[in-house]
Amino acid sequence: MAKLDLNNLTLAGARDSLRARDYSAQELTEAHLEAMEKARALNAFIVETPEQARAMAKAADARLAKGEAGPLEGIPLGIKDLYCTQGVATTAGSHILEGFVPQYESTVSSQLWRDGAVMLGKLNLDEFAMGSSNETSHFGAVTSPWRRQGSNVALVPGGSSGGSAAAVAARLCLGATATDTGGSIRQPAAFTGTVGIKPTYGRCSRWGIVAFASSLDQAGPIARNVRDTAILLRSMAGFDPKDSTSVDRPVPDYEAALGSSIKGKTIGIPKEYRVDGMSPDIEALWQQGIAWLRAAGANIVDITLPHTAHALPAYYIVAPAEASSNLARYDGVRYGLREQGRDIVDMYEKTRAAGFGKEVRRRIMIGTYVLSAGYYDAYYLRAQKIRTLIKRDFEQAFAAGVDAILTPATPSAAFGIGEKSDADPIEMYLNDVFTVTVNMAGLPGLVVPAGLSAEGLPLGLQLIGRPFEEETLFTLAQVIEEAAPKVGLPEAWWG
Amino acid sequence: MSVDQATVRRIARLARLSLSEADVAPLQGELNAILKFVEALESVDVDGIEPMTSVMPMKLRLRADVVNDGENVAGVTKNAPQSEDGFFLVPKVVE
Numbered sequence: 000m001a002k003l004d005l006n007n008l009t010l011a012g013a014r015d016s017l018r019a020r021d022y023s024a025q026e027l028t029e030a031h032l033e034a035m036e037k038a039r040a041l042n043a044f045i046v047e048t049p050e051q052a053r054a055m056a057k058a059a060d061a062r063l064a065k066g067e068a069g070p071l072e073g074i075p076l077g078i079k080d081l082y083c084t085q086g087v088a089t090t091a092g093s094h095i096l097e098g099f100v101p102q103y104e105s106t107v108s109s110q111l112w113r114d115g116a117v118m119l120g121k122l123n124l125d126e127f128a129m130g131s132s133n134e135t136s137h138f139g140a141v142t143s144p145w146r147r148q149g150s151n152v153a154l155v156p157g158g159s160s161g162g163s164a165a166a167v168a169a170r171l172c173l174g175a176t177a178t179d180t181g182g183s184i185r186q187p188a189a190f191t192g193t194v195g196i197k198p199t200y201g202r203c204s205r206w207g208i209v210a211f212a213s214s215l216d217q218a219g220p221i222a223r224n225v226r227d228t229a230i231l232l233r234s235m236a237g238f239d240p241k242d243s244t245s246v247d248r249p250v251p252d253y254e255a256a257l258g259s260s261i262k263g264k265t266i267g268i269p270k271e272y273r274v275d276g277m278s279p280d281i282e283a284l285w286q287q288g289i290a291w292l293r294a295a296g297a298n299i300v301d302i303t304l305p306h307t308a309h310a311l312p313a314y315y316i317v318a319p320a321e322a323s324s325n326l327a328r329y330d331g332v333r334y335g336l337r338e339q340g341r342d343i344v345d346m347y348e349k350t351r352a353a354g355f356g357k358e359v360r361r362r363i364m365i366g367t368y369v370l371s372a373g374y375y376d377a378y379y380l381r382a383q384k385i386r387t388l389i390k391r392d393f394e395q396a397f398a399a400g401v402d403a404i405l406t407p408a409t410p411s412a413a414f415g416i417g418e419k420s421d422a423d424p425i426e427m428y429l430n431d432v433f434t435v436t437v438n439m440a441g442l443p444g445l446v447v448p449a450g451l452s453a454e455g456l457p458l459g460l461q462l463i464g465r466p467f468e469e470e471t472l473f474t475l476a477q478v479i480e481e482a483a484p485k486v487g488l489p490e491a492w493w494g
Numbered sequence: 000m001s002v003d004q005a006t007v008r009r010i011a012r013l014a015r016l017s018l019s020e021a022d023v024a025p026l027q028g029e030l031n032a033i034l035k036f037v038e039a040l041e042s043v044d045v046d047g048i049e050p051m052t053s054v055m056p057m058k059l060r061l062r063a064d065v066v067n068d069g070e071n072v073a074g075v076t077k078n079a080p081q082s083e084d085g086f087f088l089v090p091k092v093v094e
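Respectively, the protein sequence lines represent chains A and R.
Under numbering that gives the first Met the number 0, the first residue of the first sequence is numbered 0, with each subsequent residue one higher.
Under numbering that gives the first Met the number 0, the first residue of the second sequence is numbered 0, with each subsequent residue one higher.
In case anyone wonders, no lab produced these hints; they're calculated from the structure.
A few of these clues could be false.
In silico lysine-lysine, DSS-like type, Cα no more than 25 Å apart, as pairs [said to hold, decoys possible]:
1. A:349 to R:91
2. A:390 to R:58
3. A:241 to R:58
In this text the structure is predicted, and so the values were computed from the model without any measurement.
Using the sequences plus the hints, can you model the full thing?
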């Protein structure tokens with residue numbers, strides 16, 4: 000009998016087989032630890048935790064044997080290294096937090112362990128989640144498991160959750176946690192042919208997740224298909240009194256929503272998302288997505304979201320402003336790096352200059368400037384007013400009967416490592432042009448793979464929903480998933 | 000609006016980031032590129048629009064005014080670069 004391939008399962012499939020005792024959680028974990036070790040060339044993990052994984056898998060087997068399995072019992076996962084994990088180093092991809100070992104566990108990860116999941120390690124990311132390519136990590140870029148057809152040029156997996164997306168696509172774990180401030184779950188999912196959802200603001204607790212821009216940050220999962228993503232979100236979501244913006248409402252069984260009819264659902268197509276310089280592949284994919292949803296019975300309507308073009312510039316005021324405030328805590332006193340100085344201010348300045356990378360310093364500078372006396376009204380206050388207008392655009396579309404909005408996920412497929420110029424930050428920022436509006440409005444957004452580019456790279460479509468209607472997004476995404484030609488997973492060239 | 004080199008140095012000081020002379024000119028260029036990018040917002044009519052303070056309508060909860068955490072000096076100071084007897088050590092602040 001051929002050796003059972005434990006590295007090519009879906010999360011839902013593994014869950015069911017573990018319960019049927021087809022194999023043990025320990026066998027499943029060993030197979031993933033081996034895959035993780037062989038894939039070190041991708042640099043997806045910053046910290047590997049094999050001993051913890053084995054102990055958790057053993058405990059999972061004991062619960063499975065007793066018939067006390069949780070919803071994720073024995074499922075090996077990767078955790079973005081922005082989530083604090085008790086007793087396991089947490090770096091946020093930054094030199095300034097190197098050596099930091101949290102004394103507490105983030106709420107979201109604690110819920111995954113409550114439900115029986117197994118931690119394989121901590122996943123690489125852009126420093127403090129600031130980036131769209133995973134190239135700003137202090138621990139080096141992540142290499143995408145995907146390559147252009149007939150080429151061995153190293154590509155980015157997207158960012159900031161680049162390690163999460165790469166590890167899921169490379170079959171190193173069955174799913175991963177991620178976070179999204181301007182597109183950091185959805186853009187890497189699009190680049191790697193995986194599924195990612197940024198839930199409604201307040202759906203997942205932010206407690207214990209290193210803060211970037213608190214009014215925009217949300218936790219969410221990345222997995223290899225819609226069902227697996229729905230299963231993970233159910234465990235990650237929920238009210239947490241420790242996060243003052245956490246929303247106290249029941250968590251639906253997202254998996255149960257799959258397969259519902261989408262007949263009669265109204266899908267809005269916003270004309271403002273047709274931007275200059277968008278690749279023809281993306282335009283074709285979008286039209287294809289519209290056709291698939293129409294064929295399944297959805298009504299397609301053209302809508303207008305007139306303030307769309309202002310979302311990205313407004314984001315580059317709001318997010319750096321909040322970041323400059325949140326990152327003030329890294330001062331060399333309570334945790335992380337300290338550089339010696341001749342007095343306390345000199346110590347702060349040297350520590351922060353040495354500890355933060357270039358992109359993070361740049362954003363702290365912009366944030367400090369737009370919040371400084373004399374500029375606050377012109378920049379920050381104006382951006383917050385524009386944010387109100389962006390949200391109003393969506394509210395008007397929903398009030399007119401739109402159930403969800405379909406857009407492209409990214410303006411292009413994945414690009415090469417080092418391909419975007421470092422001197423022009425805007426070029427990189429434009430990656431988030433379709434995703435950032437969703438964070439500005441606090442809405443749920445899901446990216447599902449829908450096809451391949453001319454060069455054989457995955458491309459994704461984005462679905463945007465009404466607040467707390469993640470179920471609708473999962474249902475619609477599965478229709479696209481089933482209608483689309485299979486995007487598949489990259490060949491394991493890495494080892 | 001654009002920033003001059005003196006402003007770059009002032010902002011770095013406010014942000015507590017030491018800056019070498021060689022860093023000033025490139026950073027000035029990068030910051031001005033970002034400021035130019037956000038300039039488009041100046042044309043948006045925001046008269047009478049409320050600035051967003053909470054993206055989801057919610058009322059901040061108040062918890063009971065009681066001590067419900069603490070007594071964990073060892074945990075709190077565990078990651079400090081320098082600590083002694085349960086205190087964080089910093090360079091001398093008051094002469």
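A quick look at each hint next to the structure:
1. A:349 to R:91: Given that 25 Å is the threshold and the Cα spacing comes to 16 Å, the pair holds.
2. A:390 to R:58: holds, 18 Å
3. A:241 to R:58: holds, 15 Å
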